[in-house]
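Numbered per the working numbering, the sequence shown finishes at 181, counting up by one with no gaps.
No lab work stands behind these hints, which were simulated from the structure alone.
Hints are not guaranteed to be accurate.
[What the hints assert, rightly or not] Mimicking DSS-like on lysine-lysine, the simulated pairs with C-alpha atoms at most 27 Å apart in a straight line are:
| hint | residue 1 | residue 2 |
| --- | --- | --- |
| 1 | Lys172 | Lys33 |
| 2 | Lys91 | Lys52 |
| 3 | Lys91 | Lys172 |
| 4 | Lys33 | Lys52 |
Please read all numbers here as calculations on a predicted model, not as lab measurements.
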Amino acid sequence: MAARNRFRPLVAYRAMRTLRENPDDTAGAIVVIAALSGNSGKRLFNRFRRSLNAERILREKRDLYDLLADGRTIGQWFVREHIGAQGLAQASQAANQRLKLPPAAGEEQVFSTRLLNLHDVFHVVSGYDRDLRGEIAVLALTFAQTLNPGIGYLLFDALRSEGWNSETGRLIRQGYQRGRKATWLVDLDW
């Protein structure tokens, strides 16, 4: 993850302009997040490696999507929403190509895939829908769990444009509070 530690504010700015025109551009949102993440990915990976479940998860190369796809609740959610983790993975690959980032390898790849798939898991466990309001709430929950500055910027931008006391502002505060109160969901043995 060392190659991913540069802040790229101009890349994020351009991606953010495009994202404002098309809020459904998942790859654009990932570009903004990745461009502003700095060393947060490495810091989060190091925290994960020190956690109780990390050694087993990394050794077994557990793919969270494979583990959960057969589960009743998330399986029903995928069917109801007409999605699968492949769409998010494709958006992530497109974002990495736009940023010219090398693919992660080994344990970092296992962890990176896990983080990506946790997004859908967070939708299911929080009950937030996949509409723009639900996405912003899940991002707030994710920010509370990961403290990723790229996600923080997306939340800040939403608060700036919508207002602290707006429905969006309320959802951001609620998602963040729920994420802070929850156990650390990144290393749970799902």
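A quick look at each hint next to the structure:
1. Lys172 - Lys33: holds (23 Å)
2. Lys91 - Lys52: Measuring from Cα to Cα gives roughly 25 Å; hence the hint holds.
3. Lys91 - Lys172: violated (36 Å)
4. Lys33 - Lys52: holds (18 Å)
Of the numbered hints given earlier, the model fails hint 3 alone.
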